[in-house]
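Now for the letters of each chain:
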Amino acid sequence: MDMDMDMDMDTKKKCTRFFINDNMDVLIEILKRLDEKSIGVAACVCRLWCALTRNDALWEHLCFRQLSPPREGVRTVVAALGGYRRLYTLCVKPVLTRLGKRKDMWTTHEVDLSLSLFCVDYYERLFLAGAATPPSSLIFLCKAG
Amino acid sequence: MKRDRDRGKAAASAKPYMWPDPQPDAGMDELFAVLGYKVKSSDMADVAEKLEQLEMAMGTTADDGVSVFADDTVHYNPSDLSGWVDNMLTEFTGESSTTNFAGEDDLRAIAGVAIFDSTDSENSCKRMKAAAADVRSEFGEDSSAVKQQQPRAVVVDSQETGVRLVHTLMACAEAVQQENMKLADALVKHVGLLAVSQIGAMRKVATYFAEALARRIYKIYPEEPLDSSLSDILQMHFYETGPYLKFAHFTANQAILEAFAGSNRVHVIDFSLRQGMQWPALMQALALRPGGPPAFRLTGIGPPHPDNSDALQQVGWKLAQLAETIGVEFEFRGFVTNSLADLDAEMLEIRAGDDEETVAVNSVFELHQLLARPGAFEKVLNSIKEMRPKIVTVVEQEANHNGGAFLDRFNESLHYYSTMFDSLESDGVGGGGQDLMMTEVYLGRQICNVVACDGPERVERHETLEQWRARMGSAGFDSVQLGSNAFKQASMLLALFSSGEGYMVEERDGCLMLGWHTRPLIATSAWRIAAAED
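Going down the list, the protein sequences come from chains W and S. The working numbering numbers the first residue of the first sequence as 1 and each following residue consecutively. The working numbering numbers the first residue of the second sequence as 1 and each following residue consecutively.
Where chain S lies over chain W, by a calculated footprint (3+ residues, C-beta under 8 angstroms):
#, stretch
1, 76 to 83
2, 88 to 100
3, 106 to 116
4, 121 to 129
If you want the ones that stay clear, here's a sample from chain S, every Cβ over 10 angstroms from chain W, calculated:
#, residue
5, Q178
6, T207
7, S263
8, P303
9, G334
10, R528
The set of hints was computed from the structure by calculation and includes no laboratory data. Glycine included, every Cβ here is placed at the ideal spot set by N, Cα and C.
Chain S on its own, in the form it takes in the complex:
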């Protein structure tokens, strides 16, 4: 027995060296087969762990061990090593050893056939009671000692735990959808355990999703939306790590620049000014355009700040300084509002006639928030039409996180944010880990909103480009092709990032998408008011 355990342990720990990639349909382990035991290679880690537990349990029964083994419980199919060990353990601990096994739980929960049910193990406990009553009472403490030692695995195959982690997360979400909160609670705790064994992106994503699920289960919603100045800071860090926001700004600016060609007075309406990082590059491009710069007017819209400080004006002031430095005539106006829907085109005082200005409307990650309130989106689009813009630039996350069913939203967002965290991880951001950490907090808040909130509080209602296309189309807007200049600039920008290999720019029906490997993550599109049909 001891020899087998050692061999099992040796074989299991040798697995990564001898069999670098466990095959999905792994056959039986060869070494064990020689001994007459059938063990699947994929079960090796399990078996090794169980053997350890068994030895632990047996070791502590040194004195009375004989009585246990003298039981007349029948072990069917002893060549099934895994099952046999399981049986042995069951006798010892008086409950199914699989209760403490993450893998078995998940698979059962998902398969739905043998649904993990705490009542089942109780029954099996009763059955074993007669046989092992004295043993159990004596080793009540020891079995807990065994349990405590269980998280220590002989071999931690993180790839496998990673797969289990995802399965557990998805099973938990399914449980939440079915309102089976007890199961969801158990599973969410499991996720916590499993997440610890992971490193890097997977660990962070799992932790955020687990936290969001826990909030949903216990109904602890985030109390208040984050202080808007803090939220600006978070987005600033997001700007600095990864190319996403830079891509958004550069591609939108290119479209606006092309729309402004030939105009002497231009007006940009920015739906979320924040720190105004998009505009220096545009102003510089306008300053250097052949024929000289136009008069540039910027209207910035933003949420109120808690201490009533006029953050918008400060941004405007800084932009004005820049404008003066590079020789561009500049005018700024700020509008503070909680929601874009509260804005009227009239307030913006678009100039016509002699002072006629070419208008561009810019929205980066703002439109999806309007979908939280019925009618808000349509109202805003109507306001936009009243502004009579030459171009409307829209940047949005490329994902459907607004599906009707919770499970769909969960699965979609799990894939989306995993990809996003992966890309940030491999970028190996310099400038200290603080940028990366703040970016993760920024994304984590989005995750929390998608998963834990509902109703008007759920503002991160991302939709795909196709969905936006349909919405814009039915609101009376036509698509404007983003030219090759935008594509070239975007490609060049990406090449500058150290992991430029992983990022990709894709052009789809005149819109540009930035993605990580094959998965698009954000999309820039441009629109104009559809020409009226005569």
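With the rest of the complex left out, here is chain W:
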């Protein structure tokens, strides 16, 4: 930026500034590669970044990045049950922490288990909608190990 001041008007026209916020696709590609904590930090940068981090595609990447090819139909189901961000926070993260695994050690079994638990939680919320007590079938995941 300081260099701009020093440059004269001619060169200024030739060299374009690069604002990351103007290049959202690049930004999204970068954000996709972050881990959860970094995404949280990124969300605090500005409103645009905050909105982007809420994009479910980002979280889908976080959940199933290491699994390829991605399974058909998972996206529709997960979206219907509450989205990848919710899936990650509610199931994927606790499962990974509990099982002491790094994300690159995920197999379909962990995925299946997380999805099942996610679905059970959704059903429970459906069932208890309006009830005083919140659903607690996933409480065992939230407890400190």
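Got chain W sorted already, so can you dock chain S onto it with the hints?
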């Protein structure tokens, strides 16, 4: 004397520090041996307590104490400190001090040799009467004061009381079996006292068993079976604490999923729908299976509800909403019945021909109830055969609580529920103690049924996997192996529980068992109709 008491007290209270684990064949206490008294380390607490009582009694006889000590009762073997103190106390209180001692009672009752008999102590009372008549009459109140103070022990060794608690429970059960209700009554009250000194799982188990025994002794059976909506709620709490029901659902679902491979129309018949917690996971797995989901039909069976509310339909409706959300074609039907045996395969309208559907029958903790009525189990299995299922999944408690003798059932269930309560205790359930408490009530009702009821009311007739294997085999069913996927999922599920270390999954002849440490507690098995032999 006073110095000895203090030393006894000090030594006894120092015991946990100096001797962390009392050895089973503990030798004589060293400190006392130096003084010339032989006291077993294991008796220290007893001796200390008795010495206290003695001092209490003696303290109150300050004026007339001399006359008592001037008695010419002979104390044999004064180096036997315990026996000597006992003798002294006997003189004072005019009855055997051991009547107020939990330990002595139990051991006598069990040993059967010197059977605790109230007549014996009366005799000994008469013998002492002449010698201590004036003393007794004067200290009638004091001896009761002594008695009241007795529950206060110098050292509460809860490990020892725990062992006594179990012994007392078992002795009480034996008394009930022998129809010796007086003894049983006394013992059951003892259990109450002992249970209070325990904490955690042991206390809860003891309390439930004591209550159940009391019901059996006084013939106060639970009047009516619990309201089915309440019973559903209790099971829901059980679902949320501990992995047991989750394990059951996940393993059964895996077997059903594998059986449904390649079918476009599937039909699950659930023998106890309750809140339908098993089915969301299956529906989600079906939704994501390669090739797309099949048309899914669910028939849920359940007991009538008191206010005639259609609970089954409500569950069906919720499941339908879920199905629509995840894109699975769904159909639901509910059947209300008091007993599975009243059901006919025809009522279920299994579809064949063009609309042919693959059928799975699912029973979680239901089959054992059929054993309460003769012939019911066989009738239901025949109905199942008429449904022509591809797979039948059965989840049952892994225990034999259906033995012929009451004592056998009691002992078995004591071990089983102790283990179960232990596992729940260490799980340290979050989400408030309410879940855990409701789960304990849920299990407590089972305990009550096993112990207090008989005949057709005793529905908790759990049997082991081997027994079920025999029953299913003779009814014409073959075992289906639960695959490695089920095992892996189960193991993973258990690892998620904070006390995952304690739980274990075991595979036995194609069936999966979930247990706590080395004790299996529930078993999932899968069956299909045996191929007809040509």
